[in-house]
Structure formats: C-alpha cells, structure tokens
Amino acid sequence: MATEAHEAAAGAAGHSAGMPQLDTSTWGNQITWLLVALVVIYLVLRFVALPRIGAVLADRSSTITNDLAAAEELKQKALAAEKAYLAALDKARAEAGKIAAETKAEIQAELDKEIAKADVQIAAKSAESEGRIAEIRAGALEAVTEVAKDTAKELVSALGGKADARSITAAVTAKVKG
Amino acid sequence: MTDVAETGFAIHPMDQFIVKRFFCDAAHADCTTNIEWYEITNVTVWMAATVLAIVALMVFGSRGRAIIPSRIQSVGEMIYGFIYKMVEDVTGHDGVKYFPYVMTLFLFILFANLLGLIPGSFTTTSHVAVTVTLALMVFLGVTLLGLAKNGLGFLGMFWVSSAPLALRPVLAVIEVISYFVRPVSHSIRLAGNLMAGHAVMKVFAGFASMAVISPVAVGAVTAIYGLELLVAVVQAYVFTILTCVYLKDAVGGAHH
Amino acid sequence: MVELALMGKYIGAGLAAIGLGGAGIGVGNIAGNFLAGALRNPSAAASQTANLFVGIAFAEALGIFSFLIALLLMFAV
Chain G
174 MATEAHEAAA GAAGHSAGMP QLDTSTWGNQ ITWLLVALVV IYLVLRFVAL
224 PRIGAVLADR SSTITNDLAA AEELKQKALA AEKAYLAALD KARAEAGKIA
274 AETKAEIQAE LDKEIAKADV QIAAKSAESE GRIAEIRAGA LEAVTEVAKD
324 TAKELVSALG GKADARSITA AVTAKVKG
Chain A
889 MTDVAETGFA IHPMDQFIVK RFFCDAAHAD CTTNIEWYEI TNVTVWMAAT
939 VLAIVALMVF GSRGRAIIPS RIQSVGEMIY GFIYKMVEDV TGHDGVKYFP
989 YVMTLFLFIL FANLLGLIPG SFTTTSHVAV TVTLALMVFL GVTLLGLAKN
1039 GLGFLGMFWV SSAPLALRPV LAVIEVISYF VRPVSHSIRL AGNLMAGHAV
1089 MKVFAGFASM AVISPVAVGA VTAIYGLELL VAVVQAYVFT ILTCVYLKDA
1139 VGGAHH
Chain F
4 MVELALMGKY IGAGLAAIGL GGAGIGVGNI AGNFLAGALR NPSAAASQTA
54 NLFVGIAFAE ALGIFSFLIA LLLMFAV
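Residue numbers (the working numbering), protein chains in the order written: chain G, 174 to 351; chain A, 889 to 1144; chain F, 4 to 80.
Since the hints were made in silico from the structure, they are not lab data. Note that the coordinates shown come from a computational prediction; the quantities given were computed from them, not determined experimentally. All C-beta atoms in this analysis are idealised placements derived from N, C-alpha and C, irrespective of residue type, glycine included. A couple of the hints might just be wrong.
Straight-line Cα separation of at most 30 Å, BS3-like style, residue types lysine-lysine; simulated pairs [as the list claims (entries may be wrong)]:
(1) G/K322 / G/K335
(2) G/K290 / G/K277
(3) A/K985 / A/K1037
(4) F/K12 / A/K908
(5) G/K248 / G/K271
(6) F/K12 / A/K1136
Estimated spans, in silico, between C-beta atoms of each pair [what the hints assert, rightly or not]:
(7) A/V947 / G/A243: 26 to 36 Å
(8) G/V209 / F/I21: 38 to 48 Å
(9) F/S50 / G/V209: 30 to 40 Å
(10) A/V947 / G/N239: 21 to 31 Å
In isolation and in its complexed conformation, chain G is listed as follows (with noise of 0.2 Å):
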C-alpha cells in the first residue's frame, strides 16, 4: 500500500513513521510500568499519605475548636471578672461615701458642741461685761449726783440763801432720777 513507500522514506529520515501510540510493540511495556506505578502510588497514599494528612487536618480542626472553646472560657472568665470588679468599685464607693457622711456628720457635732460651748462663753463675757457698764454707769451717776447737789449747794450759797442741805439732796436726786 502506499504507507510501505512512506514508512520507507521515513525510515531512511531518520525517524519511525506513523504514532507511536499505535505502536503496539510497546503497550506491554507502558501497562506493566503503569500497574506498577499506580500500585506503589496507591498503596504510599492509602497507607502512609492520606491516613497523615487526614490526622493532621482532624488535629488542627479539633485545635481550632478547643481553641475556641477556650477564648469563649476565657472571655466569660474575663466578663465575669470585670462585673465583680464593676461590683467592688459600686461597693467602695458606697462606703466611702457612707464615710464621708459619717465624718462630716462627726465633724458637724464637733462643730456644733464647740458653736455652743463658745457661745456660752460669748454669753458669760457679754453679761460680765454688761455688769461692769452697768456698774460703770452707776458710778459715774452717783458721780454726777455728788457734782449736781455740790454745785447747787454752791449755787445757792452765792445766791445768797441759806443752802438746807436735805432739801437740796432731795431736789437733785428727784432731778436726776427724772
């Protein structure tokens, strides 16, 4: 046929004619090579490989989640901590302001005792001196009764009456008490 011509042409090219994927010389070759391969590959796989990464990937799943858990522990740890940190700040502050009052409360009857107490003492020193002016006043009207009945007695004297002693007491005494 007229592939003979060109296998010959070809042959003396250098090269074989035709596929060499038809060449049926060859398949044993290929499909013996191939079983082999395959063989080996999947027996690497089946029993090395994949059981491996399988137990690497369950590994790092089943780490994430305990991973997880553990945050979602650790968050309720955290907001449970900080609500009775809330708590103790709430607590504090209501003594201290319990404390506050308290102390302001004793430092206001502190103040109030010593109020009083300096009150009285104002008290007892404005009656003392009241006294004193009082008596100052007596004094000093006791003072101008002597000068007035001396200076009547004077008065009268040079006038050129006879000064009756009694009556001019009486009638100055009636003058400065009125």
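Given the coordinates of chain G, work out where chains A and F should sit on it, guided by the hints.
Coordinates of chains A and F only, in the frame set by chain G:
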C-alpha cells in the same frame, strides 16, 4: 512528514512520544524495537519520577505533621481537601471510601502531565495505552462495583423510567452505547489533549528555525506552554471528576 | 497512485481538523453561558464550576475525536 523534510527543515512532532530503552545509546544500538514488558524505558523512568514527586509532596512534605503547616505540607493538604470535597460532593457519603483510589488517579495524572511539560521529558499520559488502561480500570471497576452493589438493578440506569414508554427501548440503546463510549472518551480526551498540545508546541518550535518567523514562533511556544500548564491541570481535574461521576452511578444506585 | 493517496490523506486530515472548530464553538458556548449565569447569580456560581468543567470536557471530547481522526490519517494510515 517526509515531504517537509525534502524542503530543507523537518518537524517531527511525534518523535517526542517514541518509547525507547533508557540505558541505550541510539548511535550503536536499536533502542526502539522489540521492547519487552520488563525493560527499563523512558516510560519507566518518567513514571518513577511521577511516583517520586508524589511521594515527595504527600509523604515527605507532610512528615512534620505540623499543626501550622509548611508550604509543601499545605499544598498537599490543599490537594487532599480539594479531592476529598470533590468525591464527597459528587458521589455522596458512600463514595468516600474510594477516595484513595480517586486520589491516586488524580495525583498520577497531574504529576505525569506536569512532568511531561519539562522540556526534553517524556509525557506518559500522552500515550493511549496508558490512558486506556486508566480509563478501563475506572470503567470495569465502576461496572463491577455497580453490579456487586445493586445486582441487576444496576442495569436499571439504562431504562429511562421518566421517558414515555414507547421511547424507552430507543433510549435504552442510546444509553448503553453512551455507557460503553465512556472509557473511549475518558481516555482519548486525556491522551488527545496532551498529545495535541505537545505536538503543537513541537511544530512551533520547528518554525523557530526559520529566521523570518522565529520571533513569532518563540512567542507562540511560550504562550502555548502557558496554555499547556492549564491544560495539564484541567485534564487531571476533568479525568478525576468524571471518575467521580461514573462512580456515583455505581454507589448511588440506579439513576433515572 | 502513491501521490494521490498521500494527497487524499492530507486533505482528509485537514477536513477532520475542521471538527475541532465545532468543539471550540461548543466550549466557548458553555463558558460564555456559564459566565452569563454567574454574573446574574454570582452566589450560585461557585457550586457549579464542577458542572462547568464536566460540560467543557464532554464538548471537548468530541473535538478531540476529530483531531484523533486527523492524526490517524496523518500518521497511521
């Protein structure tokens, strides 16, 4: 491609897919014919590299078993979580026990695709033999599992009970055909995408030898490389999610 | 005869590759409609990305079939 060779420059986009003995000097020996099933070929080497890359990521990367993962460990965990969620969402709770199998398929295809993008490397998943084996494993596994779990009730998924009675036999034929086309599309999609992407890259790389268009060609190779990175991941994802969808038929009972 | 067969082979491969255009249209249609729906109801978009990719995969598979035919014509026939 021979007539291209006559014009002065040759692009051999399919040469990168040739299976050859690994410990073999092409100058002195024939490295491509009569390869026995046990011989160490470039397929063997790049599949071993795939296995080593997976072990490095999934076993070595997670050796610390750290709660706070290192970068490599978190990449492994991301892939684990991604595929686990996919299996759980698509197949339901009953499908979770097939998770290691789905994970095997996903990691193998993903790393084979990505390692295939290293310049000069060999893309094991661009070979129909490999992808058909992968797809047939899923197809046979799902079919046998469905029959074992649901008995003949598994065949009820071909009998569309929501359709009018007269249409049901026709629909049953279509459903059966589409069921058996599954492994074909499942495998050809993966191999085709990778083969096409790598071949296109090779073609553009070949254009780079022409001075006039080489800047365009180099830019195109770069752009297609980015696209191929996307394709490599998306095709691994698509293969896996289709596996889950097929698995749902088996574990989730007959659908309607 | 050999020349003619070669010619037919390449023409056939080119024709088969047209099928990829259909896959491109299909994938673009799915992605565009997904985007339109996602913009209308962004909250539901994330849960539907799996369906998006499955749909794209199915649409693309058919294009890949035609690409496969092209490759078979180019290299295997």
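Self-check item: Agreement of F/K12 and A/K908 with the hint, judged by alpha carbon distance not exceeding 30 Å
Solution: holds, 28 Å
Quiz item: Can the restraint linking G/K248 and G/K271 be considered satisfied, given a maximum Cα separation of 30 Å?
Solution: violated, 34 Å
Practice problem: Would you check the hint for F/K12 and A/K1136, treating anything up to 30 Å between C-alpha atoms as holding? | Solution: violated, 42 Å
Practice problem: For the range 26 to 36 Å, tell me whether the beta carbons of A/V947 and G/A243 fit it or not. | Solution: Holds, since A/V947 and G/A243 (Cβ atoms, about 33 Å apart) stay within the stated range.
Practice problem: Hint says 38 to 48 Å; check whether the CB-CB distance for G/V209 and F/I21 agrees. | Solution: holds, 41 Å
Quiz item: Are G/K322 and G/K335 close enough, with their CA atoms no more than 30 Å apart?
Solution: holds, 14 Å
Practice problem: For A/V947 and G/N239, compare the CB-CB distance with the range 21 to 31 Å and indicate the outcome. | Solution: Once the Cβ atoms are compared, 28 Å apart, the range 21 to 31 Å for G/N239 and A/V947 holds.
Quiz item: Going straight from one Cα to the other, do A/K985 and A/K1037 come out at no more than 30 Å?
Solution: holds, 14 Å
Quiz item: Okay, F/S50 versus G/V209 on CB: inside 30 to 40 Å?
Solution: Between F/S50 and G/V209, where Cβ atoms are some 39 Å apart, the hint holds.
Quiz item: Is the Cα-Cα distance between G/K290 and G/K277 30 Å or less?
Solution: holds, 19 Å
Checked against the numbered hints given earlier, the structure breaks hints 5 and 6 and satisfies all the rest.
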